Amino acid sequence: MTEVIPTKQMPPGLQVENVDDRIMTLNVGPQHPGSGHMRIIVKIDGDYIVSADPDPGYVHRGEEKMAESRNYITNIPHLERPVIHDSCNILYPYVLGVEELVGIEVPERAKYVRVIAAELNRCIYIQYWLAIYGIFLGHSTMFMWPAGDRELLIDLMEKITGARVTHAYFIPGGVRNDVPSNFEDVCLRQVNYFEKRIKEYADIFYDNPILKARTEDTGVLSREDAIRLGTTGSVLRASGVDYDLRIKEPYDVYDELDVHTNVLKAGDSYARSKVPWLDMLESCNIIRQALEKMPKSGSVRTKLKPNPKGGEGEVYRRVESGRGSAGCHIISKSKPEPYRLKLSVSSFRNLIALPYLLKGEKLGNMPAVYWSLNYWPVEADR
Amino acid sequence: MSTAETKPPKATPPPKATPPENKEPPVPAFEKSYIDQITNHFSDDIEIEYIKENRTKLNVKKEKIIDIAKFIKDNTPFDHAESVTGVDFPEEKEIGVTYHLGSYTDDTYSKQVLALATRVPREESPNPGNDSTKLPSLRDMFYSVEFHEREVFEMLGVYFEGHPDNRRLLLPEDWADLPPLRKDFKNKGR
Numbered sequence: 072m073t074e075v076i077p078t079k080q081m082p083p084g085l086q087v088e089n090v091d092d093r094i095m096t097l098n099v100g101p102q103h104p105g106s107g108h109m110r111i112i113v114k115i116d117g118d119y120i121v122s123a124d125p126d127p128g129y130v131h132r133g134e135e136k137m138a139e140s141r142n143y144i145t146n147i148p149h150l151e152r153p154v155i156h157d158s159c160n161i162l163y164p165y166v167l168g169v170e171e172l173v174g175i176e177v178p179e180r181a182k183y184v185r186v187i188a189a190e191l192n193r194c195i196y197i198q199y200w201l202a203i204y205g206i207f208l209g210h211s212t213m214f215m216w217p218a219g220d221r222e223l224l225i226d227l228m229e230k231i232t233g234a235r236v237t238h239a240y241f242i243p244g245g246v247r248n249d250v251p252s253n254f255e256d257v258c259l260r261q262v263n264y265f266e267k268r269i270k271e272y273a274d275i276f277y278d279n280p281i282l283k284a285r286t287e288d289t290g291v292l293s294r295e296d297a298i299r300l301g302t303t304g305s306v307l308r309a310s311g312v313d314y315d316l317r318i319k320e321p322y323d324v325y326d327e328l329d330v331h332t333n334v335l336k337a338g339d340s341y342a343r344s345k346v347p348w349l350d351m352l353e354s355c356n357i358i359r360q361a362l363e364k365m366p367k368s369g370s371v372r373t374k375l376k377p378n379p380k381g382g383e384g385e386v387y388r389r390v391e392s393g394r395g396s397a398g399c400h401i402i403s404k405s406k407p408e409p410y411r412l413k414l415s416v417s418s419f420r421n422l423i424a425l426p427y428l429l430k431g432e433k434l435g436n437m438p439a440v441y442w443s444l445n446y447w448p449v450e451a452d453r
Numbered sequence: 004m005s006t007a008e009t010k011p012p013k014a015t016p017p018p019k020a021t022p023p024e025n026k027e028p029p030v031p032a033f034e035k036s037y038i039d040q041i042t043n044h045f046s047d048d049i050e051i052e053y054i055k056e057n058r059t060k061l062n063v064k065k066e067k068i069i070d071i072a073k074f075i076k077d078n079t080p081f082d083h084a085e086s087v088t089g090v091d092f093p094e095e096k097e098i099g100v101t102y103h104l105g106s107y108t109d110d111t112y113s114k115q116v117l118a119l120a121t122r123v124p125r126e127e128s129p130n131p132g133n134d135s136t137k138l139p140s141l142r143d144m145f146y147s148v149e150f151h152e153r154e155v156f157e158m159l160g161v162y163f164e165g166h167p168d169n170r171r172l173l174l175p176e177d178w179a180d181l182p183p184l185r186k187d188f189k190n191k192g193r
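Each protein sequence line maps, in turn, to chains A and B.
According to our numbering, the first sequence is numbered sequentially starting from 72.
According to our numbering, the second sequence is numbered sequentially starting from 4.
Chain B on its own, in the form it takes in the complex:
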């Protein structure tokens, strides 16, 4: 019906709006260079999800995330974590955790955000802290994940091993329901 207005702009968007496919012809060179530096070192454990302008994403195995994070911290200018996103994938019986890393110290990297993603197994009836939904904490490498990881723990039930302070942060202390950001926790009235 109103498709006529939206068609012309759809044809024109700049390369930033390309779909997330790493086989697209214009792979940005700068982004590819630092991703190559990481993938050359850990060739078997890393899957490149996308390399877009200023944004890159790597999927890594959870057993290797400590090594890879350590490598990134020591060999690339990424010096802090901006955010940690937990995502529930009930169909795949997994929970995804994505760290967004940025750099303050190197001016050439100030636009770059490297997303480091991993998956943990998800249990149907969660028992946060005492089930198999566990991940090593990245707090030793990126200190700034401290509160973010606490949030992911309470909201999705992912326990971070090695985190000194796996307490509740935003939820009430006596919350005894499912972790609220899991998909099987339904909003009331929705």
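Excised from the complex, chain A in its bound form:
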């Protein structure tokens, strides 16, 4: 069909492609407001997608290369940049890994503060993601409500960390500073109100026949394929695989809390959009439990030596972020800087499902399928 006839030796990476008179090639992005900072090269036959080729890399910032020339502490602010809305969770595996390398113990109270901050951040991220999903589906209320309710928790994070989105709050050995004195009361009140608000989303979004018509039975990912493709997080749990690292490999104090996982079986865009919302409700439960069990006083930080050195060796730690498993592989050679740092992030792992899901789908369903993958372009590029 498309026979490639190279006329001369091409520079690396460039390709020649003959134009077909039936199949049309469409570039969605990188400037398209719906695609985010990435391009999807879609080939369509009439209304149906023949193939889709994701082309990330427009916001590649070389975080892994940068990490090799900075020490373990100065790496913290730039490593949360891939997902500023979920900065606590994306930093979590790195901080756990450095603690294991340096061999430092974290105070009990700091572990609880971390869990609370991580769950608040998860809600902040999912609300943002849900708001953008509203834009994708042309549902303006679905943009306004989550974006507005998200402010509640952002204010709360601002009280704890001093920053609205990029917190740089987790550090090896604990957290940067203690929570304010009246934090428990304020947090409990805000979270209870927040939970009441997001329960209303069921009526206006998830039981809404228009949203259901747009998302149900589009982009169905079967259980076997979800496992084979190595997807993670909400994509995996929407396809019926019960896998949540907070339960399967509990870190910090998650094993002392009663955490439930949300699994749906359908595997379509509707299930993938509903699992994060159920996660938010679960996060509210976790925060309430953690507030109750948290030691009321005590240190929140074990001090490190000024320029800590990791020993000879390597660690691979992972946590459940707002999108799925976030892994961090650190190779250390007894230097203040990591020899190699690899972030294995969920957006990059879930991207592999996109060409698979879009094949044979109608072009109009593309936004609903694409954003249901809980994909964050900046995180995938790193």
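These are computed hints drawn from the structure, not numbers from a lab.
Here the structure is a predicted model, which is why all the values come from computation and not from measurement.
Beta carbons are placed, not taken as given, at the ideal position from N, Cα and C, and that holds for glycine.
Do not rely on the hints blindly, as some may be mistaken.
Said to hold, decoys possible - Some chain B residues well away from chain A (every beta-carbon gap over 12 Å; in silico): (1) V63; (2) V90; (3) K96; (4) S128.
Stated by the list, open to error - Here are the simulated DSS-like cross-link-like pairs (lysine-lysine), alpha carbons at most 25 Å apart as the crow flies: (5) A:K136 <-> B:K189; (6) A:K406 <-> B:K186; (7) A:K404 <-> B:K73.
Put chain B on the given structure of chain A with help from the hints.
Just chain B now, kept in the frame of chain A:
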């Protein structure tokens, strides 16, 4: 100077913080059982780097990595690859590639991460795709390595034979410099 604060916690860390030595006394039994299952089958080609709680690492020869990966896929519950890390070792004139394998299907293995590492020769002036830095692709066994291997190819210049799609992923199409994660590629201003 400030060593006084850090000393007490250093003495207490739980066994997970043990140094990566496989001759340490407490070798976890469960981890050892599945590693033994693999090493018994390929005794000459595998070197155990460490067996720690929930984390194990095997160094294998690159000629055997396909056979070993196939064995792991067929005989152990590891069903997907979580990440592929490429590491440059200029002093040893080698590039290391580490696959992290995990399991979704077996609950007893859900904590386990098996690292399967191999080394390829490294060339001083790389010509990605046309030099000796080549490795067989594991995509047939673990489908999820597809994008990870593309990333390792562009970032370190390791060509994966048998991979259907060895194109650039994150870098610009016209990138004509060294593969950026090699150690001789220097960050500007650093």
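No chain A beta carbon within 12 Å of V90 of chain B's: violated (5 Å)
Exclusion check [K96 of chain B not at the chain A interface, CB over 12 Å]: Its Cβ never comes within 12 Å of chain A, the nearest being 16 Å, so this holds.
Given hint K186 of chain B paired with K406 of chain A - CA-CA distance at most 25 Å: Status holds; Cα separation ~15 Å.
Given as non-interface: V63 of chain B, partner chain A, CB spacing beyond 12 Å: holds (16 Å)
Hint consistency between K404 of chain A and K73 of chain B [alpha-carbon to alpha-carbon, up to 25 Å]: Distance ~32 Å between K404 of chain A and K73 of chain B Cα, so the pair is violated.
Check on S128 of chain B being off the interface with chain A, judged by Cβ distance over 12 Å: S128 of chain B clear of chain A: closest Cβ-Cβ about 15 Å, beyond 12 Å.
Proposed proximity, K189 of chain B with K136 of chain A (alpha carbon, max 25 Å): OK: K136 of chain A and K189 of chain B at ~9 Å, within 25 Å.
The structure does not agree with the numbered hints 2, 7 stated previously, though it agrees with the rest.
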